[in-house]
Structures are given as structure tokens and as C-alpha cells.
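Participant: Each chain, written out:
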Amino acid sequence: MKFKETLLATAILFSAGASVSAETLKWARAGDGLTLDPHAQNEGPTITLQRQIMEPLVARDMRGVLVPALATEWDPSDKDPNVWVFKLRQGVKFHDGADFDSEDVVFSLKRAMSDESNYREVLASVVDVRAPDKFTVEIITDGPNPIMPNNLTNMLIMDKDWATANDAIKVQDYEGGQSTYAAKNANGTGAYKLISREPDVKTVMERFDGYWGVEQFPMEVSRLEYIPIQNAATRIAALLSGEVDFIQDVPVQDIDRVVDADGLDVRRTSQNRVIFLGMNQGDTDLKNDNVDGKNPFADVRVRRAMNMSINRLAIQEVVMRGQSEPAGIILPPFVHGWVPELDVVQDPDIETAKALMAEAGYADGFSIKLDCPNDRYINDEAICQAMVGMLAQIGIKVNLDSKPKAQHFPLINNLESDFYMLGWGVPTYDSEYAFNFLVHSKGEAYGSWNNTRYSNPEIDAEIESLASEIRLDVRDASIRKIWDQVQEDVLYLPIHHQVLNWGMKSGVDTIVDPEDSPKIKYFSFK
Amino acid sequence: MLAYIIRRVFQSVIVLLVVGLVAFAMFRFVGDPIENMLGQERTQEDVERLRSKLGLDQPFVFQYWKFLKAAVQGDFGVSYRQGRPVAEILIERAPSTLELAAVSGTLAMLFGLGLGVYTAIKRNGWVSNLIMTTSLIGVSLPTFLIGILLIYVFSVELGWLPSYGRGETVTVGSWSTGFLTSSGLKALILPSITLGLYQMTLIMRLVRSEMMEVLRTDYVRFARARGLRESAVNFKHALVNTMVPVTTVIGLQLGSIIAFAIITETVFQWPGVGLLFINAVQFVDIPVMAAYLMLISVLFVGINLVVDLLYFIIDPRLRANGVGAH
Numbered sequence: 007m008k009f010k011e012t013l014l015a016t017a018i019l020f021s022a023g024a025s026v027s028a029e030t031l032k033w034a035r036a037g038d039g040l041t042l043d044p045h046a047q048n049e050g051p052t053i054t055l056q057r058q059i060m061e062p063l064v065a066r067d068m069r070g071v072l073v074p075a076l077a078t079e080w081d082p083s084d085k086d087p088n089v090w091v092f093k094l095r096q097g098v099k100f101h102d103g104a105d106f107d108s109e110d111v112v113f114s115l116k117r118a119m120s121d122e123s124n125y126r127e128v129l130a131s132v133v134d135v136r137a138p139d140k141f142t143v144e145i146i147t148d149g150p151n152p153i154m155p156n157n158l159t160n161m162l163i164m165d166k167d168w169a170t171a172n173d174a175i176k177v178q179d180y181e182g183g184q185s186t187y188a189a190k191n192a193n194g195t196g197a198y199k200l201i202s203r204e205p206d207v208k209t210v211m212e213r214f215d216g217y218w219g220v221e222q223f224p225m226e227v228s229r230l231e232y233i234p235i236q237n238a239a240t241r242i243a244a245l246l247s248g249e250v251d252f253i254q255d256v257p258v259q260d261i262d263r264v265v266d267a268d269g270l271d272v273r274r275t276s277q278n279r280v281i282f283l284g285m286n287q288g289d290t291d292l293k294n295d296n297v298d299g300k301n302p303f304a305d306v307r308v309r310r311a312m313n314m315s316i317n318r319l320a321i322q323e324v325v326m327r328g329q330s331e332p333a334g335i336i337l338p339p340f341v342h343g344w345v346p347e348l349d350v351v352q353d354p355d356i357e358t359a360k361a362l363m364a365e366a367g368y369a370d371g372f373s374i375k376l377d378c379p380n381d382r383y384i385n386d387e388a389i390c391q392a393m394v395g396m397l398a399q400i401g402i403k404v405n406l407d408s409k410p411k412a413q414h415f416p417l418i419n420n421l422e423s424d425f426y427m428l429g430w431g432v433p434t435y436d437s438e439y440a441f442n443f444l445v446h447s448k449g450e451a452y453g454s455w456n457n458t459r460y461s462n463p464e465i466d467a468e469i470e471s472l473a474s475e476i477r478l479d480v481r482d483a484s485i486r487k488i489w490d491q492v493q494e495d496v497l498y499l500p501i502h503h504q505v506l507n508w509g510m511k512s513g514v515d516t517i518v519d520p521e522d523s524p525k526i527k528y529f530s531f532k
Numbered sequence: 308m309l310a311y312i313i314r315r316v317f318q319s320v321i322v323l324l325v326v327g328l329v330a331f332a333m334f335r336f337v338g339d340p341i342e343n344m345l346g347q348e349r350t351q352e353d354v355e356r357l358r359s360k361l362g363l364d365q366p367f368v369f370q371y372w373k374f375l376k377a378a379v380q381g382d383f384g385v386s387y388r389q390g391r392p393v394a395e396i397l398i399e400r401a402p403s404t405l406e407l408a409a410v411s412g413t414l415a416m417l418f419g420l421g422l423g424v425y426t427a428i429k430r431n432g433w434v435s436n437l438i439m440t441t442s443l444i445g446v447s448l449p450t451f452l453i454g455i456l457l458i459y460v461f462s463v464e465l466g467w468l469p470s471y472g473r474g475e476t477v478t479v480g481s482w483s484t485g486f487l488t489s490s491g492l493k494a495l496i497l498p499s500i501t502l503g504l505y506q507m508t509l510i511m512r513l514v515r516s517e518m519m520e521v522l523r524t525d526y527v528r529f530a531r532a533r534g535l536r537e538s539a540v541n542f543k544h545a546l547v548n549t550m551v552p553v554t555t556v557i558g559l560q561l562g563s564i565i566a567f568a569i570i571t572e573t574v575f576q577w578p579g580v581g582l583l584f585i586n587a588v589q590f591v592d593i594p595v596m597a598a599y600l601m602l603i604s605v606l607f608v609g610i611n612l613v614v615d616l617l618y619f620i621i622d623p624r625l626r627a628n629g630v631g632a633h
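Quick mapping for you: the protein sequence lines, in order, are chains A and B.
Counting from 1, position 102 in the first sequence corresponds to residue 108 in my numbering; the numbering is continuous, with no gaps.
Counting from 1, position 163 in the second sequence corresponds to residue 470 in my numbering; the numbering is continuous, with no gaps.
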């Protein structure tokens, strides 16, 4: 077939390529970045695209390890535990030739903290940002913050003068009437500079020869074309026909097809995202069940029984076609605080589960509505369908209600769902993030995604202590204590860690980023 | 005639207003845009603040009123998804949909009329039978399946045509066109076949049955008896008389080619307004959905008006009655 020959030819071409290459990489993914304004949308594909053009102070490499970017060193101040000091990289240029210095950092971080910014909450503990000199920045927090650098990996730095000149000082505002120059244009210090952008069509970037890291990174891609292709079949067809070189989301049913095609590879890694079910265990009665005056989920024996009735290996094999890692905890494996003994997968044990149900007074089971998204996670609806059969074994009749994500998440957040599916990734790579959102009682500053109505004052206090505990051993002990309690109480029913599958021409050489956020400067050609 | 037009325009405005009202009443069921607009780290306070800022906490009638007030001044708001003015986005996207619709509409009309006439005249030839049988595929296969089938044959297996996008485009003024480059023309082939196939078979079948009806009438027989040439009988007498119902259908189909390009555009990642609308629905981008729906209803209403006016030209009897009545 013709396309295979072309691929072979390209592969040979790649292998012959020298280190100073002029290679175009056509990179396709289901969704486009929504905007180029670095503080307007805290959303995966958006940040991934922006990261090629702009940089944070501290970044993560393709393995998720914290590495210096625009800052070279960072430490808590000797004088004041509430201050972090960042030494900036010198001699860095923006794409338009302007020099990078502390003024740009102060401007960008303050912009990220403004009311319209999507990153306000990530920097909620920051009181002020100041620049003692041209290449030093101090971040002042409302208490000691041991993991401040982890919160900065998505805070991309803009040029202050460029933003001022183009009326982009404020984060783009949905109310309208104001200039949205920064949504379609960008001036960063990143390895690639923006050449053109047509939203939902194509974004073209070119290698920035003035990049500070030209010597440190492969940077073999000289021209980068980012092309959103929504329809999965079309995306696969574009890869098979050689029209694109790299696609980020290979549907599980198409993996074999891509692997079998000559000149194409699929590479995988487990993703920084775990899929689980949440149960309303706080209310005295549930709206969506058939039990009057009582809440079956409030009884830990019921939750334990449910946990035992889930056959995670069967879900992995049948629903996910092997593309998942069964989970015992709602924390991705590379996140700080994860230990193997917490992630032990519960074996299905229907007899014990039935006994537990009987002990709790639900020998005849009960019925409950399960809310499930159908366009958010890999095979989300199919997982929920499997759950219906598994829970039926212990007498729980599950009525599945699956909806698009735009309707699913409001159900959770408006506390209208009693039993729901959720997936979670930890961008800071630290357990505290998961605790703040999923375990702490729901309130003003904490627990905004904890809709289990679980509330344990002792655990809440422990979680709050993590934010300012600078003795790392004490902090680690607290983290372990909280996870043990979460596991003990069966707060959530973990299902699996998602697995990422990247499809590419065999000539493209890269590892798979656990956050599903390729950094093209690390790509090379074989 | 003028009174007729004025009356129709007035009716059209009412239709538009009702469409808008229904649309705004429906938006609440599509989902909550706030979820998509704020990241997962947002607090309840952020949610409330943005909701009241956008006026989403008000009854839909108020939201609709606010939209209408701004819309009559040409302001359709800012897209929640892209953060850019909706009018700007629509202007950017319209050329690709219109070009696709024009090509597939033209193909559908030419082949539909031609093949319809042919199969009506050569009723029992084997070519006619073959055309009729294959046309069944066009009406019965769903659009997305035809699209994917074409992609697999012509892009993946044969490697002749692109599987996605518009190819290279040239911008003339604010209009980006794919007609001027070879990759742009190549990119048009598969989507326009996909989009036009159903319309073509529909027109063809309609022309054929209308034509067969007319061919049986007395005046055609008389025309034949007068010894007129076969082509004159078929085209001057028969075809023209089939055009009234055919025009209605072609007109309405032209509207639906634009409105229902959604599926074709999604399959081929064609950057038109249909794809924009799908994305807007998924994101609950209310300003874009509202503007799109209004635009499509303007289009349908406009096409209907044009079709009605065309009747006057095609059918002299209507002209006499129309003027007489008013």
C-alpha cells in the first residue's frame, strides 16, 4: 500500500537526519487550546500548547521531575519562613528580543493572582510578589509554604512591556468590550515561537534559535504544527495516512491497528489521573435511593462491601482492553505520599461482601442512581455499566444515568448526586492537593470537590497543618495518617489509574509524559 | 408583490424571536458553562461571582432580552470558550462553511437534475436502474459513515486526498478561500461529496417522479403530436413544469446543507460554523450557540422567502392570483 511506503521512506529519512535538523512535527489532538492567554484557562490542552511558547519559573520534565526553567535556584528565605526566594536565569530573551528580568515575573504572577485569572486559587496563599533586584524574586505567603515551587509549574511568564503595549495587562474577561490580543498572540521565552494561530484549525510554531536552552535540549523539531482533530476515526486515519506525525489520544480500540501498521508506534505510560466513585455518606437520607429515612452509604460496612464487589481486573481486561492499572487508592503512583501498600488492589470477595451487607441491615440490598459522565474519561460510561453488574451481585440495584460532562459535573458540585464517578489528577505531585479538594470537609477554602459530605474535624485539622508544616518528616507522617484514615473509612471506591497512549511515527523519539502534556523541546528523531 | 414581501418579512421576524426564546429556554438543560470556564481549583465563591457577572443567575427571559438588546446593535457577546467576540469568530468561520455548501449544493443540483431527467426519460434502461439502485445508498447511509468510508478509501488506503481540514487557504480581504490552491481544492472533494450525496439523491428522485408525472399529461402528448423535437418537449415543456415543487425542495435543502454541515464538518475537521457549534454545545458556550441558532433561522427564513418569490417567476398562474388578491 502506498501510505506504508511513504512512511517507510520518511522513517529512513528521519534515521539519516543529523542533529541540526529541519524537521516538521505535525501534532494532532482531540481538542485545541482554548486561548493563548496564560492565565485565562486552567485546562490541560490549553496549558500544553502554551508551554511550548511560554515558560514558568520551575517546570516539570517529561518524567514529572521538577527542573529549573526561568528560575535557576529557589529556597525558603533564611530570615523569614514565609518567604521563598527565586534566583532568575540571566541572559534570557523573549521572542521579540526583549530581555527577561524580575519585573516580568512580578507582573505575570500578579496577573495570575488577579480576579479574572483561572489560577487565583493555586496562588491563594501568596500575599505579595516583589523584586529586590533584577534577577531575584521573593514570593511572600500567608504562612510557611513548603511546596510553593510545585504550585508554580503552570504559572507562565509574559513580557510586561509587550502586555502593556498590547493592552493585555488584564486577564481576558468574558464580559467583553475589552481587547483580547493575548488570546491569539503570545510572546514568551519558550523553545518555540508562535508563527500563526487559527483557533480549532492550526497553530504553527517555529524553533526559537535564541532560546537559553538550545544546548541543553534536543530541540530537533524545527517547525511545529498543532492540529486539533476532534473525531477519533479521522485522527487515526490522519496518522495512518501519514498526514500527521504524532497523536496524543489513541482510542483503546484502535491501539492494535496503529501498532500493526508499518512505521507507526504506540507508546504508553500510566497517567497522572485516577478514576473512582464517590458516595454521599453524610446526609441522613438520600434523594436517589429507595431506602426511606436512612442513608445506606453512611454505614462503613456497606461501603466496604461495595469496594469488595468491584472486580477491577475484569474492568481492566474487558472494558479497558488492558489499558488501565487497577487502583487501591485515589492517588496517582508518582505523587508524593503514594506508597505501594496503600495502592493494594482489593480482590473481589462476594461472600464477605454479602455478609457485610446483611450485618448492616441491607441483606436485600437497595437501589441507587449512579451519575456518570460519557465524554470525560476513557470509556467512562462503559466502566459505569460494568459497575451495575458488579454491584448487583450484592443486591445493590444501580440505575445508571450517564450524561455529557457539562451536565455531569454540576450534578456533583450542586450536591444533587449521591453516587458519582470522578477522575482526579494531581498537578502539584503532592498529596496535599488531593486532600484539599477531595478529603477536607466542603467549605469556603477547602473541599470544593468533596461531595461525599464526609467531614472529620480531626482529619481537617491535619490537612490544614500540611500547608505550613516545614519539617518534612512530620509532614510526611501526617500525609500517611490521613491516607490511612481515608482507606479505613472507604471514603471513595478507587477503580483504576488511566493509561496514556501516544501514537507516532516510529522515527519520532520521546517518552510519554504522565500529565499528557508533551514538551516538544525534548523530542528527537531516530 | 410589495405587500406580500412586507408581510413575509414581518412573519420572519416573529419566527426569529420565537426561535431565540426557545433556544434560551433550552440552554439551561445543556449544562453549566461555569464548570468549563473555571479550572478545577475554583472555589464556590468564584463560581457565584462569575455566574452573577455573566447574568446566568437571572431567569432566561432576562438573559434573552439582554442578548437581543446587544444583538440588534451587532454585538453577539464574547465566546465563553475562546474569549473572543462571537461576531469575529463567526466571520472567520463562515467562509469555510459557505464554500463547502456552495460546492456540494452545486454538485447536488447539477447531478440531481441531470440524473433525474435522464432516469425519467430512459425509464427502463439498465443505466437508469443502476443509478436508481446506487442512489439508495445515498439516502440510506448516515452521513458520518459515508465520510469515514471515503476517508479510509481515499486517504488511508489510496493516499490521494487529505483526511482532514481545508488544506492551504488564501485570504482575500476577510474571506479565506480554499478555491485558489490545489490543496484547498483537493480538501473540498471528500467533504462536499459526503455533504451533497443525500441532497443529490433526494433531488434526483424528486425530479424523476415529478417528470414522469408530467410526461403523462395531455399537453406533453400534444407537444409530441405537433412534431416538436424530443429535447424541446422534455426540457421546455416537461422539465419547466416540474420545477415548482423541485425549487421548494432545493431551496430548503440548501438551507439544511449549511445547517447540517455539522456532522460532515466534525468528521473532516472542517473549520466551519458547524464544528464551531458542536464545540459550543460541548462547552456550553451560550453566546456562540445563541448567535449560531439565530443565524441559521435567519438563513432558513431568508431562503423560504426567496423560494416563495421564485414561484412568482416560475409559475405565471401564481403571479395572476397573487396580484389579484391584493
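Hints listed in this document are in silico derivations from the structure and should not be mistaken for laboratory results.
Even for Gly, the Cβ is constructed at its ideal location relative to N, Cα and C.
Be careful, since some hints might not be right.
[Stated by the list, open to error] Not everything, but these chain B residues come out facing chain A in the computed CB check (under 7 Å): (1) E342; (2) G432; (3) N436; (4) L456; (5) L457; (6) V460; (7) V463.
Participant: Does the closest beta carbon of chain A sit nearer than 7 Å to the beta carbon of B:N436?
Facilitator: With a minimum Cβ separation of about 33 Å from chain A (threshold 7 Å), the hint on B:N436 is violated.
Participant: Does the closest beta carbon of chain A sit nearer than 7 Å to the beta carbon of B:L457?
Facilitator: violated, 10 Å
Participant: Using 7 Å as the Cβ threshold, decide whether B:L456 counts as touching chain A.
Facilitator: violated, 10 Å
Participant: For the restraint on B:V460, tell me whether the closest CB of chain A is nearer than 7 Å.
Facilitator: violated, 10 Å
Participant: Identify whether the interface hint at B:G432 stands, where standing means a beta carbon of chain A within less than 7 Å of its own.
Facilitator: Where the cut-off is 7 Å and the nearest Cβ of chain A is about 37 Å from B:G432, the hint is violated.
Participant: Closer than 7 Å between Cβ atoms is the bar; does B:V463 clear it against chain A? Give me holds or violated.
Facilitator: holds, 5 Å
Participant: Take the shortest C-beta to C-beta distance between B:E342 and chain A; is it under 7 Å?
Facilitator: holds, 5 Å
Hint compliance for this structure: hints 2, 3, 4, 5, 6 are not met, and every other hint is.
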